[in-house]
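Asks: Given next are the chains, with one letter for each unit.
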Amino acid sequence: MSVLEVENLRIEIEGTGIDIVDEISFHIEAGEVLGLVGESGSGKTTVGLSLLGHQRRGAKIVAGQVRVDGKDILERSPAQLRALRGGTVSYVPQDPSAALNPALRIGRQLEEVLAAHRFGSSHEERLREMLEEVLLPTERSFLRRYPHQLSGGQQQRVGLAMAFACRPRVIVLDEPTTGLDVTTQAHVLATVRMLCRAHGVAALYVSHDLAVVAALADRVAVMYAGRIVEIGRERDLFLASAHPYARRLVEAIPEISGEHELVGIPGTAPRPGHRPTGCFFAPRCDYAVDICREQFPPRERVAERREVRCHRWQEVLAEAVHDRPLAAVRTNGASADALISIRNLQAAHGERPVLFDIDLDVAPRQCVALVGESGSGKTTLARCIAGLHRNFTGELALRGIPLRPGARNRSRDTRRDIQYVFQSPYSSLNPRKTIGQIIGQPLRLFFDLPRRDQHARIVHALERVQLTSSVVDRYPHELSGGERQRVAIARALVSEPALLVCDEVTSALDVSVQAAIVDLIAELQREMELGLLFVTHNLALIRTIAQEVAVMSAGRIVEHGPVDRVLDQPEAEYTKRLLADTPSLESALAIAE
Amino acid sequence: MSTAIRFVRRGISGFVLRRVLLGLLTLLLVSVIVFAATQALPSDPARAILGRTATPESLAALRKQLNLTGSIPGQYAHWLKGFVTGDFGNSLAARGEPVTQVLGKRLENSAFLVLIAGEVSIPLSILLGVLAARRRDGPFDHTSSLLMLALAALPEFVVGIALVVLFGTTVFHWLPAVSLIPPEDTPFQHLKALILPVATLVLAVSPYIARIMRASMVEVLESDFVEMARLKGMPERHVLWRHAVPNAVAPAIQVIALNLAYLAGGIVVVEFVFGYPGIGSALVDAVANRDLPVVQALAILIAGVYVALNLMADVATILVSPRLRTSLR
Ligand code: SF4
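Protein chains in written order, with this note's numbering: chain E, 3 to 595; chain X, 30 to 358.
One should not assume that every hint holds.
Stated by the list, open to error - Capping the alpha-carbon separation at 25 Å, the derived lysine to any residue pairs in SDA-like fashion look like this:
1) E:K578 to E:D183
2) E:K435 to E:F449
3) E:K62 to X:V255
4) E:K62 to X:G167
5) E:K62 to X:A290
6) E:K62 to X:V247
7) E:K73 to E:L138
8) E:K435 to E:E485
9) E:K62 to X:P168
10) E:K62 to X:S252
11) X:K134 to X:A290
12) E:K435 to E:S497
13) E:K62 to X:P264
14) E:K73 to X:P264
15) E:K62 to X:D170
16) E:K435 to E:V473
17) X:K221 to X:G111
18) E:K578 to E:H262
19) E:K578 to E:D359
20) E:K62 to X:V268
21) E:K435 to E:E498
22) E:K62 to X:E137
23) E:K62 to X:D166
24) X:K93 to X:R81
25) E:K435 to E:R406
26) X:K110 to X:V49
27) E:K62 to X:E251
28) E:K578 to E:G154
29) E:K435 to E:G483
30) X:K134 to X:G111
31) X:K93 to X:S60
32) E:K62 to X:E265
33) X:K221 to X:H202
34) X:K134 to X:T114
35) E:K62 to X:R266
What the hints assert, rightly or not - Okay, the calculated bits of chain E under chain X, using three or more residues with CB under 8 Å as the criterion:
36) 108-120
37) 203-215
Read the hints as simulated data drawn from the structure, not as lab findings.
Note that CB positions come from ideal geometry on N, CA and C, so glycine has one too.
Bound-form chain E, shown alone (with noise of 0.2 Å):
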């Protein structure tokens, strides 16, 4: 018998008979890791959260079973609920700044677990025991401290002490580590993976990033519009899948070697209440044949403990996962003169230096990515550019013309060449606007055209984005995350710039999309000449668009060259770990090997 067995599960928006999620099926040994991987909106979190028995906002579990050693959780009472939830089963949150009580002093916050299961008799040795587990400091002033007083990957073994506090016999991880660095969530995964193994608690990992979850995961589920569609072995799912979805949503993982190209899935998931009969990929489906349209596939076995659910999966399968695309071959199309030089630039966030001694280059048509974790100052340094930080020393000029700190005090046409695009579409593009008032602002601002060839030039800019006219005239809450994204790009690039700076573009997207867009900036980038400056933290993107890197760290610059040479044979030994603590698919399968 499984520790955790969950049967046809499914969960509907209370009150209208609309299914978030159904017919979910799985089952967790002791000791194993599940990896329940799917985009946002595929429902992996509440299937998650209903292994507590609970339910956000007008959500209701109306059908199945969750039984843990043996036991239906759904049939509980409220108070035997309670009991279960934080002792039998526990749960560790996505963001954990923010599921830590701020007013609430650490120590409070874990012994009260301990207290509210009476679980053993010294609180006080358990406690230090439990800090003892995660890695964190066990002295008494460190449980006096207030969860803002620590730091991100601190406050997330908090979180994961919290959990396994009372020796619990299955853990929800809801994507805890996004939001960390890549080091300290290498530290936090290896916690977790050791914690499950040594206490064998069953553990359902959550997450959207496949590469983590190839790193943790035994097995892997994989999500799509609130069914799972694949479900096997770790190594078996990632090599050959032998679902559509699944295998399309593994190329489109980034590489670090950067063999494969890099290819999204066009389209978007179907929300609930707008699933169409048949299989739900089947409108962006390779392999749609008719009967897809019909009938929903069934759960098929491929092997022992491996599960499928397409009509056309023995084909699938057949085809060697080989068949990937090459990456084609990336040339340097740099020219000499520099479009964009920085000499000895030092910055500062009001009296703290945050930037020390830059020295960096971008040529006309070439781009350069600037990675580092976040607080190396690779933003700061991407808004002294863009005239968006002006607090900075040295010098800074735009072909070979000086540049003042300051959009402000910068020349019309200046401003014109330079263009930012923000990390999050979500809330840089103005909600009450159009997309075509939002795409025609810099046209006004920056050009004096008539208003016909303002019209006929926004929609040039959305079909280079491959986005329809048709969304001239809607509103930004009517587009998907990656539609809106494409929409600031095309705000960026409708006034011609001559260098276009990409601050972390696609972490806020899913996968599938993230691949899509940065496919698109590669292209566009080639088509329009562009020099682009490319800010990411993530090491697994660059192969694809850069042809130079500069890794930074702490305000300085410690690596930079061409990005086959800083990936493949690292100088700096700040480069070296953050290779060796990106999770990737590679490396994950070449461990299991």
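Given chain E, work out where chain X with the ligand should sit, using these hints.
Replies: Relative to the frame of chain E, chain X with the ligand by itself:
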């Protein structure tokens, strides 16, 4: 809050000191305005007080008594000096007694009334807000919201008179309709007389506090850390009072302070309705009698209460928010 955050780096005592100085500056400004409005601007306050039939001799005498003779800045300096040294001048109406003596007793009475009203209304409205947020959109929430809105819309003299009609005169005869307290007694000795004025004040301010508390609780109850507390298996009561409420009171504190300040001013109406001998009715009398020194003293006093309450609210906000508190060290 915003001022609270701006000063956080210099330690809590530094912060309090700064705010006290700022408060004194505010009071100084208020004093200029009060002085200007009551003494400097009217062309001849003495004539305004005594009326057109006054003899030149009595006018001159009053001018001398009120210190209206020198230059305007000189008058102000003299007036301010009196204030700082605790000499508020003599009342014109009450047989020339010093203002301090006239007001002292009444000040005590009013403070007593406001304190009791605050002590009842703050916990009561916090409780109401929490309970309404706890079962959001439930029957309790809807009924209490409606009631609060209705109460907030009624002026306190209407509420006061309604209470008098209900409990004092027409319907029941349980409580005294007026709250006269003989000058030689303290309000302690007449608690029964206090019930109706206190109830009126409580009904006047509770709706505001309860509504902000409800809104802030609703937001906190939706937060990740409350969900996390539930997923840790905490009993619901613990989640509510230990996890949610401490985070919800911080935004409510400013509103509570504002309402207490309002109590200090709004007491005028209530005291008048019930004939309660506090500063409110003193102010009404003083204005009616053109008792200039008393009006000036009361105006400054009420401003002082406002400033002090705001300061206390800012300090309390810091004390209940660890993030602010720790950054002060
Ligand atoms: S069932 Fe058909 S449409 Fe669905 S994934 Fe399989 S092949 Fe594609």
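Asks: A separate judgement is required for each hint: does it hold in the structure or not?
Replies: Consistency of the hints with the structure:
1. E:K578 to E:D183: holds, 15 Å
2. E:K435 to E:F449: holds, 20 Å
3. E:K62 to X:V255: Answer holds: K62 (chain E) to V255 (chain X) is near 19 Å, not above 25 Å.
4. E:K62 to X:G167: Holds - the C-alpha atoms of G167 (chain X) and K62 (chain E) are around 19 Å apart, at most 25 Å.
5. E:K62 to X:A290: violated, 46 Å
6. E:K62 to X:V247: holds, 21 Å
7. E:K73 to E:L138: Status violated; Cα separation ~35 Å.
8. E:K435 to E:E485: Between K435 (chain E) and E485 (chain E) the Cα gap is close to 15 Å, so the pair holds against 25 Å.
9. E:K62 to X:P168: holds, 22 Å
10. E:K62 to X:S252: Roughly 19 Å separates the two Cα atoms, so the pair holds.
11. X:K134 to X:A290: Given that 25 Å is the threshold and the Cα spacing comes to 20 Å, the pair holds.
12. E:K435 to E:S497: holds, 18 Å
13. E:K62 to X:P264: holds, 21 Å
14. E:K73 to X:P264: holds, 22 Å
15. E:K62 to X:D170: It holds: about 23 Å lies between the C-alpha atoms, which stays within 25 Å.
16. E:K435 to E:V473: holds, 12 Å
17. X:K221 to X:G111: Status violated; Cα separation ~39 Å.
18. E:K578 to E:H262: The given pair, whose Cα atoms are some 22 Å apart, holds under the 25 Å limit.
19. E:K578 to E:D359: holds, 22 Å
20. E:K62 to X:V268: Since the Cα atoms of K62 (chain E) and V268 (chain X) sit roughly 22 Å apart, the hinted pair holds (cutoff 25 Å).
21. E:K435 to E:E498: holds, 22 Å
22. E:K62 to X:E137: Violated, at about 58 Å.
23. E:K62 to X:D166: holds, 18 Å
24. X:K93 to X:R81: Given that 25 Å is the threshold and the Cα spacing comes to 18 Å, the pair holds.
25. E:K435 to E:R406: violated, 31 Å
26. X:K110 to X:V49: Within the cut-off at roughly 20 Å; holds.
27. E:K62 to X:E251: holds, 17 Å
28. E:K578 to E:G154: With a Cα-Cα distance of about 23 Å, the restraint between K578 (chain E) and G154 (chain E) holds, given a limit of 25 Å.
29. E:K435 to E:G483: Roughly 17 Å between the alpha carbons, so the hint for K435 (chain E) and G483 (chain E) holds.
30. X:K134 to X:G111: holds, 20 Å
31. X:K93 to X:S60: Distance of about 21 Å is within 25 Å: holds.
32. E:K62 to X:E265: holds, 20 Å
33. X:K221 to X:H202: At roughly 12 Å apart (the allowed maximum being 25 Å), H202 (chain X) and K221 (chain X) satisfy the hint.
34. X:K134 to X:T114: holds, 20 Å
35. E:K62 to X:R266: Holds - the C-alpha atoms of R266 (chain X) and K62 (chain E) are around 23 Å apart, at most 25 Å.
36. 108-120: holds (count 4)
37. 203-215: violated (count 0)
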